[in-house]
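> Listed below, chain by chain, are the residues.
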Amino acid sequence: MALINQFILQHLLTLILFFPILAAVVVLCLPKDNIKAIRWTTFSLSLVPLLLTIILWAQFKAGQAGYQFEEQYHWYAAIHSTLHLGVDGLSLTMVLLTTLLTPVALLASFNINDRVKVYMALFLFLETGMLGVFLALDLLIFFVFWEIGLVPMYFLINQWGSEKGEREIWKGVKVQARNYASLKFILFTMGGSLGLLLAIQMLGVLFQNYDLPVLVQKWNSLTTGSLLGLPVQTVKTVAFWAFVIAFAVKVPVWPFHTWLPDAHTEAPTAGSMILAGVLLKLGAYGFLRLVLPLYPAESAHYAGWLAFLAVMAIVFGAFSAYGQKDFKRLVAYSSVNHMGFVLLGIAAAAKAAGTLNANIALNGAVLQMFNHGLSAAGMFFLVGVIYERTHTRNLEDYGGLFPLVPIYGGILIFTSMASLGLPGLNGFISEFLVVRGAWPVLTLYTAIAMIGLLFTGAYILKGIKNVLHGPLNEHWVQGEHKLTEINTREIIVMAPLMTLILVIGIWPAWILDVINKAMGMLFH
Amino acid sequence: MHFPFLSVIVFTPLVAALGILLYKPEQKKAIRITALSAAIFALALSVWVYFTYDKAVAGYQFVEKYNWMPMLGISLHFGVDGMSVPLVLLTGIVMVTGVMISWGIEDRPREFFAFLFILASGVFGVFASLDLFMLFFFYEIAVFPMYLLISIWGWIKTREYAAMKLTLYLFIGSVVSLIGALVIYWTSGQHTFDMLVLETVKFTPTFQKIWFLPVFLGFAVLGGIFPFHNWSPDGHVAAPTAVSMFHAGVLMKLGAFAALRVGIMLLPEGAKFWAPLIMGLALINIVYGAFIASVQSDFKYVIGFSSVSHMGLVMMGFATLKPEGLLGAGVQMFSHGVMTALFFATVGMVYDRAHTRQIPELGGLIKPLPLVAIGVIVGSLVSMGMPGFSGFVAEFPIFMGIWRTQWLVAVIAAISIIVTASYVLLVVRRVFFGKMPETLQGHITPINTLDKIALVLLMALMIGIGIFPALMVPWVQSGVQHILALLGGA
Chain A
1 MALINQFILQ HLLTLILFFP ILAAVVVLCL PKDNIKAIRW TTFSLSLVPL
51 LLTIILWAQF KAGQAGYQFE EQYHWYAAIH STLHLGVDGL SLTMVLLTTL
101 LTPVALLASF NINDRVKVYM ALFLFLETGM LGVFLALDLL IFFVFWEIGL
151 VPMYFLINQW GSEKGEREIW KGVKVQARNY ASLKFILFTM GGSLGLLLAI
201 QMLGVLFQNY DLPVLVQKWN SLTTGSLLGL PVQTVKTVAF WAFVIAFAVK
251 VPVWPFHTWL PDAHTEAPTA GSMILAGVLL KLGAYGFLRL VLPLYPAESA
301 HYAGWLAFLA VMAIVFGAFS AYGQKDFKRL VAYSSVNHMG FVLLGIAAAA
351 KAAGTLNANI ALNGAVLQMF NHGLSAAGMF FLVGVIYERT HTRNLEDYGG
401 LFPLVPIYGG ILIFTSMASL GLPGLNGFIS EFLVVRGAWP VLTLYTAIAM
451 IGLLFTGAYI LKGIKNVLHG PLNEHWVQGE HKLTEINTRE IIVMAPLMTL
501 ILVIGIWPAW ILDVINKAMG MLFH
Chain B
525 MHFPFLSVIV FTPLVAALGI LLYKPEQKKA IRITALSAAI FALALSVWVY
575 FTYDKAVAGY QFVEKYNWMP MLGISLHFGV DGMSVPLVLL TGIVMVTGVM
625 ISWGIEDRPR EFFAFLFILA SGVFGVFASL DLFMLFFFYE IAVFPMYLLI
675 SIWGWIKTRE YAAMKLTLYL FIGSVVSLIG ALVIYWTSGQ HTFDMLVLET
725 VKFTPTFQKI WFLPVFLGFA VLGGIFPFHN WSPDGHVAAP TAVSMFHAGV
775 LMKLGAFAAL RVGIMLLPEG AKFWAPLIMG LALINIVYGA FIASVQSDFK
825 YVIGFSSVSH MGLVMMGFAT LKPEGLLGAG VQMFSHGVMT ALFFATVGMV
875 YDRAHTRQIP ELGGLIKPLP LVAIGVIVGS LVSMGMPGFS GFVAEFPIFM
925 GIWRTQWLVA VIAAISIIVT ASYVLLVVRR VFFGKMPETL QGHITPINTL
975 DKIALVLLMA LMIGIGIFPA LMVPWVQSGV QHILALLGGA
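First to last, the sequence lines map onto chains A and B.
Residue numbers for the first sequence follow the numbering used here, beginning at 1 and rising by one.
Residue numbers for the second sequence follow the numbering used here, beginning at 525 and rising by one.
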C-alpha cells in the first residue's frame, strides 16, 4: 500500500496526463450497444484525474519557488526534446479547471445517443491534449499537445454539432454550418500556430534544447549581436509577434476571434462547455507561461498594443453579444468580452513588470481564467438545456418562461450574475483585481474597458429578460411543446460549478493564495 | 560466415516470382498463398535485420561480397546502414500489405504477382547494394516491371499513356545518372564499382561540381523532384492499387535514396555547391505540390500530388546537408512510404466499391467502411504533420535543418502545412462523412479480414513512431553520422 502511494506521488503528473487516454481505450473496448454502461464508465473514469488533481493540490507547496512534481523522460533525444512535466501555481489552477470541467461536461453529454462510444473517447483524448499543454515544461511537448487537442475538437464539432444551419461560402455554394465552423476552427488555430511552430524551431536550432526553464534563461541572456543575419532585437520582435498571434487566435483576441462564435454555436453543448471553459484558457496560459517569460522586454514595449486589442475585445465583444438574436451566439460573444479582461491584466503586468500593480493584475487575470471557465461552461450548459427542450435558440421565441421553469430560471439568473460580475460571486473578484491592477498602468484603456463592463450588464440582462421575463409565450405552456423543468442530472451538472462560483465569490483566499505566490515567484 | 540475410531478402521475391510462374494460371489460390508466404518471409527477415542492426557500432552491417565480374571490379556487394535499414523494412511492409490488398485480383494473378515480386527484388537490391553497378542493375529491374504492371492491370482510361510517360521519364533519368556513374568509375582510377572504395576517393571539386547535378537529378526524377515530377501523379493514378502502393510507397524512395547514396555521398563537394538549387526545387515541390493537390477532384490525384509535396520534404532535408535535415529526410522516407501505401490502399478499396474516385460523387462512406475511414483520417493527420504521428517526427527536424541553412525557406515551406491541412480535411469529410449518394446505396460491401490487417499494421506504424520516435530515429541517426563525415563534418 505504501509502495502504491509512493508510486502515485512520484508519477502524479504522468498519471493525470495519460489516465484519460487509458480510459478512452477502455471505453473503446466496451460493447457498442450498451450506451448506459459507456456513459457511466466514461464518467466514473473521468473522476480519477480529478481525484488525482485534488491529491496534487493538497500535496502542493504554494510557497515553494520553481516547479514541483517534476518528471522527465526520454522522448526525442536526437533533437534534445524530453517529456518534461511539472506544475506551479499557475498550471495547477488550470489543471484543476480541466479535470473538473471534463467530468462535468461528460455528465452533460448523457443526452448524446449517436455513436456514444466514439464521442466519449474523443472527449477523453481531448482532456489529455489540454492537460499536456498545462503540464509541459518542454517547448516541443507543449506544441505537440497544443496541436493534438485540435483533432478531437474538430470531430466533435463536425460530427456531433448542430445539424441545422447552412453557411454560404462562395457565390451561392452552401455548406453545412457545422462543417464550416469546424474547419474554420482548426484552420484558424493551425494557421495562427505556424509562426509559433517556426519560432520554436528557431529556438531549438539556436540552443539545441527545448527545455523551457533553460530556454527562458538562455534566450533572455541573448540581447546583442546578430542572428540569422539580422539584429537580435528584430528577430526577437518578430518571434514575439509569432507567439502572440498563435495565442491571440486561441484566446481569442479581437480581430482573431471570428472562428469562436461559429465554433461555439455549432458545437454540441458539452463541446462548447470545454471550448469556452478550457480551450480558450490555453491561449491565455500561453501568454503567461511563454510570452511574458521569454519576451519580457518586447511584452513591455508592446503592452499598449496588447491592451488596445484587449479593450477592443471587451467593447466589441459586449456590443456584439448585445446584438445577437441567438442565445448561444450571445454567450459565445460574452467569452470574447470576458477573455479581454484576462489579456488586459496580462498587458498591464507586462508593462509594469515587477510592481505591485502588475502582481494584482496577474492575480486577476489568472483568477479570471478560472472563473470564466466556471461561468462560461455553466452558461453554455444552460443554453443547451433550454435548446434541447425547445429546439430553438432564437431569443425572440422564448419569453416569460420563469413561471414554467422556476428552478431553471433561478440557476440561469445565478450563473448570469456570476458572468456579469455581481459582488459576492466569483466574476467580481477577478475583474476587480484586473481593473485595480491595470488602472494605474493603463488608465485610459482601463477606463474604456470599464465602460465595456456596462454593456456586459446590458447583454446579460437582455438574455435573462428575453428568456425568463416579459409576456409569456403561450406556445410553451401545454401540448407537445410543454416546457419541462430542468432534471436532476442537469442540476448535478450545475451544482459543482455553482458551488465554486459562490465559494470563490465569498472566500477567494484558498485559490488566490496559490495564484498569488506563483505570480510573485514567476514575475518578481 | 553468418547467415546471408541480405541476399536472401533480395532474392526471395525473385525466386517466389519464378515459383509463381510455374503454377497453372487457374491455381489462383495457390498463387496467392505462395505470394503471401514469400512476402511474409521477406518481411520477417527484414524485421530481424532491423532489430539486430547495431546502432552503437553504426556503419555498414550484414555485409556480403561475392565476385561477379572481377575484371571490371563489379561484385555482388550487399550491406545496410542506418539510412537503408528502415527502407528495407519499409519494402517488406509494403510488400506484405500490397499482397494482402491485391488478394481479390482476378485478372491473371499469376503474372501480376510475378511482376510485382520482380519489382520488389529490384527495390530490395537497390537499398542493400554497396556496388554502384549492382545498384543500377537493381534499379532498372525495379523500373521495368512497372511498365507492364501499369499498362496491363492499370486504369483503362490512362494506363497506356501513363505507363509510357513514366517509363520514359525514369529511363532518361537513369541513363543520365548512369553516364555520371561511369564517369565516376573511370575518373576514380580504382577500377572498382565498390561504393565503399569510391567514397574514399577524393575527386577534384571541379569534377564533383560538374557531375553532381546530372547524377543527383537523374535519380531524383524517380523521387519526383520538380520539374521532373509530372510522370508521378499520372503513374500513381493509372496503376492498380498494389502497384500504386509500391510505386509511391517505395519506388519514389528509391530515387531519393539513390540520389543520396550516389549523388551526395560520392560527390559531397558537388552537393555542397548545388545544395541551394536543390533546395529551391524542393521548395517548389513542397508548396506547389500542396496547392495542386488541393484543387484536384479525383481522390487518387489528390494523393498523387500530395506525394510530390511530401517527397519535396525529403529532397529538402537532403539539401540542408545538416544533421537534423538528413535525419528528418530519413524518417520522412519511411513515414511517407507507410502513409502513401495506406492512402493508395484505401483509395483502391473505395474505388473497387464505388467505381468512381470523383470526390463530389462520394460521401458517407464511414458507415459501411469504418476502418477505411479511420485509416484515411490517420493518414491525413500524418500528412498534415500533426504531432503524435510519424509525419511530425520527420518534418520537424527537416525544418530545423532548413533553419540552420536559410530561414526564409522554412517560412515559405510552412505554408504547405496549412494548405495540406485544409485539403486533407475537406477530402476526408466529403468522402467519408455527410450523406451517401443514392447511386452508392447498397453497393458498398465491407472490406475483408486481410484488408483490415493491412490497414491496422500501417496505422500502427505511423502512430507508434509518432509517439515513440526512438523506434526509428536512432537507426537513421547512426546513418546520418556517416554522411556527415563524408561531407566533412558540415
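Derived from the structure by calculation, the hints contain no laboratory data.
No experiment lies behind these values; they were computed from the predicted model shown.
The beta carbon of each residue, even a glycine, is placed where N, CA and C say it ideally should be.
Hints are not guaranteed to be accurate.
Simulated DEER-style distance windows between Cβ atoms [stated by the list, open to error]:
no.: 1; chain 1: A; residue 1: His74; chain 2: B; residue 2: Gly583; range: 20 to 26 Å
no.: 2; chain 1: A; residue 1: Gln217; chain 2: B; residue 2: Lys589; range: 51 to 57 Å
no.: 3; chain 1: B; residue 1: Asp822; chain 2: A; residue 2: Trp170; range: 19 to 25 Å
no.: 4; chain 1: A; residue 1: Thr443; chain 2: B; residue 2: Leu995; range: 30 to 36 Å
no.: 5; chain 1: A; residue 1: Gln233; chain 2: B; residue 2: Leu1010; range: 37 to 43 Å
> If any of the earlier hints don't hold here, list their numbers in rising order.
Failing hint: just 4.
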